[in-house]
Amino acid sequence: MKLGVVGFYGKLGKANYDSIMSNPDTSLAFGVSRSASVDGDEHQGFKVYKNILSVSEECDGVIDFSNRENICDVVKFCLDRSIPLVIGTTGLTESDEKYIEDASKKIPILLSHNTGFGVNVLLDIVKNACDLLKGFDIEIVEKHHNRKEDAPSGTSKMIFNSMKSANPDLFTTFGRTGPNSKRQQNEVGFHSVRGGTIISDHDVIFAGNDEVITISHHAESDRSFANGAVRAIFYLKDKENGLFDMKDVLLDTH
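Numbering (our numbering), first residue to last: 838 to 1091.
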């Protein structure tokens, strides 16, 4: 498959490039980055564009780990060409997600705030823990590098939503401060750490009477996300349309 990578000059863009180039079944068609000096910027024999709508190269699919400001153009590009799209971009608004959902009626789209395999298994683990550990207090602590723009992380939101499917009464609190910050029943605290070059760490704390269980995921490199994204684009390859997530990919036995 010839693939386009949006967010090409970013950390995840580089990881996607490395994953594509090391896979004998994929090649890079083009890159897109708002950091490109000009449309069609030459990079190691490939062209990198400032805007995906300027792209003229043929491709079989697109992987987007960039900024939500690009999402409408990226989706339009894939709609116009009837090709699959993997979206790992975080910080999307409700209207962005509605636009993606509408587009998925015409082309196959996989939307996930984290395309790593381990995190998507963790979602089931924390859901089961939430179901079994009735009455335990729950806190989510997520850590990322100092350049991450959105908080809390999209992955931590995925974790919360998975637990909420086991306990619909759960609600969120983002950090705590002030004299009246005592936690409430069914409250899940979100805490965001930003510093250095931390890739992606998530701890889900279940605190009960006289015991604490912490379920953790640690990403050692961005390659974990890139490998998942490439596997996801192959999963979408023969789909006509639909909105998918990484669980669909993990459960695929073909």
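These aren't lab readings, by the way, just hints derived from the structure by calculation.
Errors might be hidden in some of the hints.
Claimed, not checked - The calculated DSS-like cross-link candidates involving lysine-lysine, where the alpha carbons are at most 30 Å apart (straight line), are: (1) LYS851 <-> LYS913; (2) LYS935 <-> LYS1019; (3) LYS964 <-> LYS887; (4) LYS971 <-> LYS943; (5) LYS884 <-> LYS1001; (6) LYS851 <-> LYS980; (7) LYS964 <-> LYS1001; (8) LYS1076 <-> LYS935; (9) LYS980 <-> LYS994; (10) LYS1084 <-> LYS839; (11) LYS971 <-> LYS848; (12) LYS1019 <-> LYS884; (13) LYS1074 <-> LYS913; (14) LYS839 <-> LYS913; (15) LYS942 <-> LYS994; (16) LYS985 <-> LYS913; (17) LYS1019 <-> LYS848; (18) LYS1076 <-> LYS943; (19) LYS980 <-> LYS884; (20) LYS1074 <-> LYS935; (21) LYS971 <-> LYS942; (22) LYS971 <-> LYS851; (23) LYS971 <-> LYS985; (24) LYS913 <-> LYS935; (25) LYS1019 <-> LYS913; (26) LYS884 <-> LYS985; (27) LYS851 <-> LYS1019; (28) LYS935 <-> LYS980; (29) LYS1019 <-> LYS994; (30) LYS887 <-> LYS971; (31) LYS971 <-> LYS935.
Stated by the list, open to error - Across the chosen pairs, the derived CB separations fall in these ranges: (32) ALA1003 <-> GLU934: 20 to 30 Å; (33) LEU969 <-> ARG871: 26 to 36 Å; (34) LYS971 <-> GLN881: 52 to 62 Å.
C-beta: ideal position from N, C-alpha, C; glycine also.
Against the structure, the hints:
In summary, the hint linking LYS851 to LYS913 is supported, as the alpha carbons are separated by about 24 Å, within the 30 Å threshold. Restraint check for LYS935 and LYS1019: the C-alpha separation of about 36 Å exceeds 30 Å, so the hint is violated. The suggested pairing of LYS964 with LYS887 is violated, with an alpha-carbon distance near 41 Å, which exceeds 30 Å. At most 30 Å may separate the alpha-carbon atoms for a hinted pair to count; LYS971 and LYS943 exceed this at roughly 42 Å.
Only pairs whose Cα atoms come within 30 Å are accepted, and LYS884 paired with LYS1001 is rejected, the gap being roughly 44 Å. With a CA separation close to 21 Å, the supplied pair LYS851 and LYS980 stays within the 30 Å bound. For a cut-off of 30 Å, the pair hint linking LYS964 to LYS1001 stands: about 8 Å separates their Cα positions. Restraint check for LYS1076 and LYS935: the C-alpha separation of about 20 Å stays at or below 30 Å, so the hint holds.
Proximity of LYS980 to LYS994 is assessed by CA-CA distance (about 13 Å); at most 30 Å being required, the pair is judged to hold. A C-alpha spacing of about 24 Å is found between LYS1084 and LYS839, which places the hinted pair at or below 30 Å, so the restraint holds. The straight-line distance between the Cα atoms of LYS971 and LYS848 is roughly 40 Å, outside the 30 Å bound, and the hint therefore fails. Between LYS1019 and LYS884, the direct Cα distance comes to roughly 54 Å. Violation of the 30 Å bound is thereby established for this hinted pair.
A threshold of 30 Å between alpha carbons decides the hint, and for LYS1074 with LYS913 the separation of about 18 Å falls inside it, so the pair holds. With a C-alpha separation of about 18 Å, the suggested pairing of LYS839 with LYS913 holds against the 30 Å cut-off. Restraint check: the Cα-Cα separation between LYS942 and LYS994 comes to about 25 Å, which is no more than 30 Å; the hinted pair holds. Restraint check for LYS985 and LYS913: satisfied, since their Cα atoms lie roughly 26 Å apart, inside the 30 Å limit.
Taken as a hint, the LYS1019 and LYS848 pair is broken in the structure, with Cα atoms around 39 Å apart against an allowance of 30 Å. Distance hint between LYS1076 and LYS943 is fulfilled; the C-alpha atoms sit about 10 Å from each other, no more than 30 Å. Proposed proximity of LYS980 and LYS884 is contradicted: the alpha carbons are some 34 Å apart, above 30 Å. Only pairs whose Cα atoms come within 30 Å are accepted, and LYS1074 paired with LYS935 is accepted, the gap being roughly 23 Å.
At roughly 39 Å between alpha-carbon atoms, LYS971 and LYS942 are farther apart than 30 Å, so this suggested pair is violated. The straight-line distance between the Cα atoms of LYS971 and LYS851 is roughly 43 Å, outside the 30 Å bound, and the hint therefore fails. For the proposed pair LYS971 and LYS985, the alpha carbon gap of about 34 Å is over 30 Å, so the pair is violated. Note on LYS913 and LYS935: the hinted pairing holds, with a Cα-Cα distance of about 14 Å set against a maximum of 30 Å.
In summary, the hint linking LYS1019 to LYS913 is not supported, as the alpha carbons are separated by about 47 Å, beyond the 30 Å threshold. The suggested pairing of LYS884 with LYS985 holds, with an alpha-carbon distance near 26 Å, which does not exceed 30 Å. Restraint check: the Cα-Cα separation between LYS851 and LYS1019 comes to about 43 Å, which exceeds 30 Å; the hinted pair is violated. As the CA atoms of LYS935 and LYS980 are separated by approximately 28 Å, the hinted pair is consistent with the 30 Å bound.
For the hint linking LYS1019 to LYS994, the alpha-carbon distance of about 22 Å falls within 30 Å, and the restraint holds. A C-alpha spacing of about 50 Å is found between LYS887 and LYS971, which places the hinted pair above 30 Å, so the restraint is violated. For a cut-off of 30 Å, the pair hint linking LYS971 to LYS935 is broken: about 34 Å separates their Cα positions. For ALA1003 and GLU934, the Cβ-Cβ distance of about 22 Å falls inside the hinted range of 20 to 30 Å, so the restraint holds.
Between LEU969 and ARG871 the Cβ separation comes to about 45 Å, which falls outside the hinted range of 26 to 36 Å. Taken as a hint, the range 52 to 62 Å holds for the pair LYS971 and GLN881, whose Cβ atoms sit roughly 55 Å apart.
Consistency note: the structure conflicts with the earlier hints numbered 2, 3, 4, 5, 11, 12, 17, 19, 21, 22, 23, 25, 27, 30, 31, 33.
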